[in-house]
Each structure stands twice: as C-alpha cells, then as structure tokens.
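Construct the entire structure; sequences and hints are all you get.
So the mapping is simple: the working numbering equals the position in the sequence shown, first residue as 1, plus 3.
It should be emphasised that the hints constitute simulated quantities derived from the structure, not laboratory data. Mixed in with the good hints there might be a few duds.
Derived SDA-like pairs: lysine to any residue, alpha-carbon spacing no greater than 25 Å straight-line [said to hold, decoys possible]: (1) 33 with 21; (2) 33 with 44; (3) 33 with 79; (4) 33 with 20; (5) 33 with 43; (6) 33 with 63; (7) 33 with 77; (8) 33 with 56; (9) 33 with 85; (10) 33 with 74; (11) 33 with 76; (12) 33 with 62; (13) 33 with 72.
Derived Cβ-Cβ restraints for the label pairs, each shown as a range [to be verified]: (14) 74 with 54: 20 to 30 Å; (15) 29 with 63: 16 to 26 Å; (16) 113 with 75: 51 to 61 Å; (17) 111 with 33: 48 to 58 Å; (18) 74 with 26: 19 to 29 Å; (19) 19 with 109: 43 to 53 Å; (20) 32 with 110: 42 to 52 Å; (21) 108 with 79: 42 to 52 Å; (22) 19 with 112: 49 to 59 Å.
All residues carry an ideal CB built from backbone N, CA and C; glycine is no exception.
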Amino acid sequence: MDVDDLDLSQPSNGNNEQEQARRAQEEQQKRRDLMAALLDPAARERLSRIAIVSPERAAQIESIIARMVQSGQVRGRITEASLIELLEQLDEARGKSSAQKSTIIYHRRKDPDDDFDI
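Encoded structure:
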C-alpha cells in the first residue's frame with residue numbers, strides 16, 4: 004500500500020465526533036446567551052421550568068424566539084406575560100393540527116366491602 008493511496012482529507016471518526024460535540028456545545032451556549040439577553044428573569048425562570056418538564060418543547064420555544072429576533076419582531080426584552088402569550092399561540096396552533104386534545108379521566112374503584120360508615 005502506497006502513501007499516495009491514503010485519503011487524508013477525511014478526518015478520523017473520533018475527531019469528527021469530537022468536532023460535532025464541540026459544535027453542539029457551542030451552539031447550545033450561544034442559545035443560552037441569547038435567551039439570557041432577551042428574556043427578563045421571570046420569563047427565563049418560566050422557560051427553565053418548561054425545560055425541566057419538556058426539553059423538546061423548551062427547545063422549540065427557544066427556536067421560535069430566535070426566529071422572531073432574526074425577523075425583527077422582538078423589540079426589547081421579552082417579559083413573562085409576552086412569553087405566556089407566545090405559549091398560548093403555540094398551543095392554539097398545536098390544537099388546530101391535532102384533532103384531539105389530551106384529557107385525563109379518573110376512574111375510582113368502588114368496592115362493595117368498603118365500610119366508610121364507621
């Protein structure tokens with residue numbers, strides 16, 4: 004095997020994976036910095052609570068906010084009230100796309116041997 008036959012233009016998988024991880028980490032840091040600059044403390048707290056429950060939804064909201072900034076729709080800081088309004092708009096849009104809204108129904112068992120008349 005000759006040295007000329009080796010393809011050195013492609014990085015090894017280990018370096019490529021490290022590079023992708025580094026890029027993802029940098030992108031996540033940029034997103035955090037953007038949200039810190041745009042959201043007031045109450046709105047940031049609400050978004051962090053959403054992220055605890057549903058990280059995918061929080062990422063979706065952050066993407067929407069980033070697009071709004073790029074298109075010039077955001078002027079100044081985003082308050083908690085405007086974040087709530089954005090969430091309601093997102094829920095309405097999601098509700099139109101999904102025909103059925105999820106509901107929780109509790110069925111309590113009734114046992115004939117229960118003696119609650121003590």
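Hint by hint, here is what the structure shows:
Distance restraint check for residue 33 and residue 21: the Cα-Cα separation of roughly 18 Å lies within the 25 Å cut-off, and the hinted pair is therefore satisfied. In summary, the hint linking residue 33 to residue 44 is supported, as the alpha carbons are separated by about 18 Å, within the 25 Å threshold. This hinted pair checks out: residue 33 and residue 79 have alpha carbons roughly 18 Å apart, not beyond 25 Å. For the given pair, residue 33 sits about 20 Å from residue 20 by alpha-carbon distance, which is consistent with the 25 Å threshold.
Taking the CA atoms of residue 33 and residue 43, the gap is near 17 Å; set against the 25 Å cutoff, the hint holds. The straight-line distance between the Cα atoms of residue 33 and residue 63 is roughly 15 Å, inside the 25 Å bound, and the hint therefore holds. For the proposed pair residue 33 and residue 77, the alpha carbon gap of about 18 Å is at most 25 Å, so the pair holds. For the proposed pair residue 33 and residue 56, the alpha carbon gap of about 22 Å is at most 25 Å, so the pair holds.
About 22 Å separates the Cα atoms of residue 33 and residue 85, which keeps this hinted pair within 25 Å; it holds. Between residue 33 and residue 74, the direct Cα distance comes to roughly 18 Å. Compliance with the 25 Å bound is thereby established for this hinted pair. For the proposed pair residue 33 and residue 76, the alpha carbon gap of about 20 Å is at most 25 Å, so the pair holds. Between the alpha carbons of residue 33 and residue 62 the distance comes to roughly 13 Å, so the proposed pair stays at or under 25 Å and holds.
Between the alpha carbons of residue 33 and residue 72 the distance comes to roughly 14 Å, so the proposed pair stays at or under 25 Å and holds. For residue 74 and residue 54, the Cβ-Cβ distance of about 24 Å falls inside the hinted range of 20 to 30 Å, so the restraint holds. At roughly 20 Å, the beta carbons of residue 29 and residue 63 sit within the given window of 16 to 26 Å. For the pair residue 113 and residue 75, the supplied restraint of 51 to 61 Å holds, since their beta-carbon distance comes to about 60 Å.
At about 50 Å, the CB distance of residue 111 to residue 33 agrees with the hint of 48 to 58 Å. Restraint check, residue 74 to residue 26: a C-beta distance of roughly 24 Å satisfies the suggested window 19 to 29 Å. For the hinted restraint 43 to 53 Å between residue 19 and residue 109, the CB-CB distance of approximately 51 Å keeps it satisfied. Hint check: residue 32 to residue 110, Cβ distance near 47 Å, so the stated range 42 to 52 Å holds.
With their beta carbons about 44 Å apart, residue 108 and residue 79 fall inside the hinted range of 42 to 52 Å. The beta-carbon spacing between residue 19 and residue 112, approximately 56 Å, falls within the hinted interval of 49 to 59 Å.
The structure is consistent with each of the numbered hints, conforming to all of them.
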